[in-house]
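Respectively, the protein sequence lines represent chains D and Z. 3 is the number of the first residue of the first sequence in our numbering; add one for each residue after it. 145 is the number of the first residue of the second sequence in our numbering; add one for each residue after it.
Worth double-checking, as some hints may not be accurate.
[To be verified] The list that follows gives simulated cross-link-like pairs (lysine-lysine, DSSO-like), each with its CA atoms no further than 30 Å apart:
| # | chain 1 | residue 1 | chain 2 | residue 2 |
| --- | --- | --- | --- | --- |
| 1 | D | K263 | Z | K475 |
| 2 | D | K16 | D | K37 |
| 3 | D | K16 | D | K443 |
| 4 | D | K6 | D | K16 |
| 5 | D | K486 | D | K452 |
| 6 | D | K7 | Z | K475 |
| 7 | D | K59 | D | K263 |
| 8 | D | K27 | D | K37 |
| 9 | D | K410 | D | K443 |
| 10 | Z | K475 | D | K159 |
| 11 | D | K452 | D | K410 |
| 12 | D | K263 | D | K36 |
| 13 | D | K16 | Z | K475 |
| 14 | Z | K324 | D | K410 |
| 15 | D | K207 | D | K263 |
| 16 | D | K474 | D | K486 |
| 17 | D | K510 | D | K491 |
| 18 | Z | K475 | D | K443 |
| 19 | D | K6 | Z | K475 |
| 20 | D | K59 | D | K36 |
| 21 | D | K7 | D | K159 |
Since the hints were made in silico from the structure, they are not lab data.
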Amino acid sequence: MSKKKLFSFLGGIKLAHRKEYSSEKAIAPLPMPKKLILPLRQSAGSLPAPIVQVGEKVNKGQCLAAAEGWISASLHAPTSGTIRDIGDYPIAHPSGLVAPCIVIEADGEDAWGERQPLLEHADSERLDPETVQRYLQSMGVVGMGGAVFPSHVKLSKAPGVPLETLIVNGAECEPFITCDDRLMRERAAEIVSGIIFLAELLEAKESVVAIEDNKPEAAAAMRAALAARLEATANHIRVVVIPAVYPAGSLKQLIYTLTGKRAPAGVLPPQLGVQCFNTATVYAIWQAVARGEPVISRIVTVTGNVGRPGNLEVPLGASVADVLQYAEARPESDGCLVGGPMMGFLLPDYDAPIGKGANCLIARSPQFFPHKAPESPCIRCTNCAQACPQGLLPYEMYWWSRARDFAKAERHNLQECIECGCCSYVCPSSIPLVQYFRFAKDALRTAATKKEMADQARERFEFRQFRAEREKTERTQKLAQAAKQQSAKLAAENANAAPAEDLDETRKQALIAAAIERVAGERAKVGCDEGANATEAALAPNHGNSA
Amino acid sequence: MNPFSAPYLHRPTSVNRSMNLVLVALLPGILVYLTLFGSALIVQIFIASVSALFFEALLLYWRGRPVRERLSDHSALVTAWLIALTFPPLSPWWLTVIGVFFAIVVAKQLYGGLGQNPFNPAMIAFAVCIIAFPALMSQWPAQGLNLPFREQAEIIFGLAPRLDALTSATPLDAIKTALKTDALYDNLQKLLMNQNLYGTFAGRGWEWVTTAYLCGGVFLLIMGVITWHVPVAFIVSMSAIAFICWLIEPSRFANPLFHLFSGGAMLGAFFIATDPVSGCATPRGKLIFGAGAGLLAYLIRVFGSFPDGIAFSVLIMNMTAPLLDLYCQPKVFGALPSMPVKKDLAAKVKEEESP
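Required output: the full structure, derived from the provided sequences and hints.
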């Protein structure tokens, strides 16, 4: 294991880790709840389409909804049971949104359906990356660190850029959360198998497991598991302990810490020859390819104001209330956070289900979260700028956001803000800076959408104008042509016929009547759209002709 | 108050804590000052503090702001103490009150209160009073003023006559006069010695007061209340210009050490130019701000007509601060060196609106 230089990113903050409540508690399964509510929205991208009917019996691991499009992942049954409903239910969302869900009533047997591990029936020769991608998509593997981005998409390499470093993110930099810590301590062998699988598949030159220095046990477990595998050395896989400075686990900051590469805005990690997966994601990938088990559960740290903090293996769709009840949440808790205290959100409805991205539940109480002082004026002390890991000037962004001059806020690189919360954390004036930035970003997003819609409307209008103009010129040309033809015809008629006089009055009348009738018929056919006048005008010369 | 959205954690810190640390950092300077120049300073601090809190409370009330909450940030006290320390200790009470009035009412609250003032309030007070009452503002006592506390208080409150004998020229004044009169002294140091103004390494007595300010400033740096940029740039630039002048004509210009430890240099470098509200906020901006303040302070105190240049140099730099900040913005993490300047949405809209 060669020592390599680490780079320390600007800013960041030292937080009290608060991991001691749950870090020594082994992963325990949550008893299977009677009812599971599975939101279709379990990943970034498009929703998967349900392929089961209400009343249908399903097995554990059976596919319930199939991925639609490339950035999408399938959804599977966490246990055997009956589909009770497919409809809208509240989901784990800060504003208590309802969204399409599949409801399963567990039959208590927890019977697996057929499992087809990719590695079992694949030959020993190298796997085709696209096969693996399709397989992982069908197994519903998404980023388990909270971002829930479909993992198979991240297996695509940037064209012409070899993968220098495969990063396995075990930083777990937010306070309280211990699920990855426990996973690495207890299931290191599986994670290592997953890393070897990914490293070989992506032909990574080296792989790095990044673990913050507050988790020495996890680092030791991972090192032991790596030492036990010969392929680990062959693929240059190593554990790197990084300083516990929040947000060390943030993608850009982690890439910089390990490789010294700075990812500019809009540049994806593969373009820099780097790719990053969360430890729990690597574990899920291995469970899928080696055991044929789709993502149907996840490890959730439950901590804070609870009697029995711990790390639970929770089936997807179990409600937050189920988990809190199991952990004996104290009744005086004033709310429950989903995710970490720096970037998570407060849950309005405890019936909301646990999804693939819910890594932590924290029962909130003043003991753990002392009340914040009221907001006071900004004195430009620049503590926020010193804490910002993105090198931004939060006080400037705040100033312009507050003045609703969002364009100026954007010029101070508002869009580069990763909303890590460092600035709000250090602000002596207790200004909720991140909230201002979210507000400003939202306003800019709305403005951009409005502008796009206005652009479309203008384009449509301009095209309509253009079309009207074109039709008008065409009509004039046609008229001129027709007039020419008629005059030519008349000249010809005058030349060779005196017997025109012979036409008796009755025949003339009949011809006129027939012409009128024909025009009326044509009119009815064309209807009353905007083209009616044009048709009439266009018909006029014909009419004259035949008359 | 609990936040509605992340982050839910908050460092137990406050504006009040920063301001209290500044007050604590001023204590060593105040103690040395009291020992060497008499106890009148304590009366000035008292007058300034009481009137600052009174004006602040009154204006907050008139402006419909939460009085108790804002008053407890102690920013008015910091301004008051700085005024007391920069005014001559035997100034009449009303002079101090006028200074405080201009600082708190005009320079601070009328501009929108804490965080909104473009100029350093304490320096506005000094500038106004030195222009309006130049004689009173120049009456500095010599070291070892041996008047009982009672008599000093009586002078301040106008109950006893002001004696010119009590005051003398400051070391800075003496060298300025020497420079202006163009008298040929073969040695400036000798001149100061003659007038009993030169101490161990700078102005007699003041050298120890300024050393105490320096200690307080280092304390602020360690506590993270201020950053190193402004004080370092200030000291470096003042030393540099003083060194150049001294090198050219050592008989007429004092050495850098004398300038750093005389008058308000240390107070300016650590406590006045570091005011976050009216100063620069970007690291490079702070460096330019500090350097500019140090340079201008030297030029004003040596070639200008006022006894010291800190107040005017800081006020002039305050004017440049917004522009400096605009041009000194740090690079965003990951930004490429040649990244084109992003045009904002408003500019785009404008471009498309114009045919």
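Tested hints:
Restraint check for D/K263 and Z/K475: satisfied, since their Cα atoms lie roughly 15 Å apart, inside the 30 Å limit. Between D/K16 and D/K37, the direct Cα distance comes to roughly 41 Å. Violation of the 30 Å bound is thereby established for this hinted pair. The hinted pair formed by D/K16 and D/K443 meets the criterion: a straight-line CA distance of about 27 Å does not exceed 30 Å. Only pairs whose Cα atoms come within 30 Å are accepted, and D/K6 paired with D/K16 is accepted, the gap being roughly 23 Å.
At roughly 51 Å between alpha-carbon atoms, D/K486 and D/K452 are farther apart than 30 Å, so this suggested pair is violated. For a cut-off of 30 Å, the pair hint linking D/K7 to Z/K475 stands: about 23 Å separates their Cα positions. As the CA atoms of D/K59 and D/K263 are separated by approximately 51 Å, the hinted pair breaks the 30 Å bound. Using a Cα cut-off of 30 Å, the hinted pair D/K27 and D/K37 holds, with the two alpha carbons roughly 26 Å apart.
Proposed proximity of D/K410 and D/K443 is supported: the alpha carbons are some 12 Å apart, at most 30 Å. Our distance criterion of 30 Å between C-alpha atoms is met by Z/K475 and D/K159, whose separation comes to about 29 Å. For the hint linking D/K452 to D/K410, the alpha-carbon distance of about 19 Å falls within 30 Å, and the restraint holds. For a cut-off of 30 Å, the pair hint linking D/K263 to D/K36 is broken: about 49 Å separates their Cα positions.
Simply put, D/K16 and Z/K475 have alpha-carbon atoms about 23 Å apart, close enough for the 30 Å limit, and the pair holds. For the proposed pair Z/K324 and D/K410, the alpha carbon gap of about 50 Å is over 30 Å, so the pair is violated. Our distance criterion of 30 Å between C-alpha atoms is met by D/K207 and D/K263, whose separation comes to about 16 Å. In summary, the hint linking D/K474 to D/K486 is supported, as the alpha carbons are separated by about 19 Å, within the 30 Å threshold.
With a CA separation close to 19 Å, the supplied pair D/K510 and D/K491 stays within the 30 Å bound. Proposed proximity of Z/K475 and D/K443 is supported: the alpha carbons are some 20 Å apart, at most 30 Å. Restraint check: the Cα-Cα separation between D/K6 and Z/K475 comes to about 27 Å, which is no more than 30 Å; the hinted pair holds. Taking the CA atoms of D/K59 and D/K36, the gap is about 15 Å. The hint holds against a cut of 30 Å.
Between the alpha carbons of D/K7 and D/K159 the distance comes to roughly 26 Å, so the proposed pair stays at or under 30 Å and holds.
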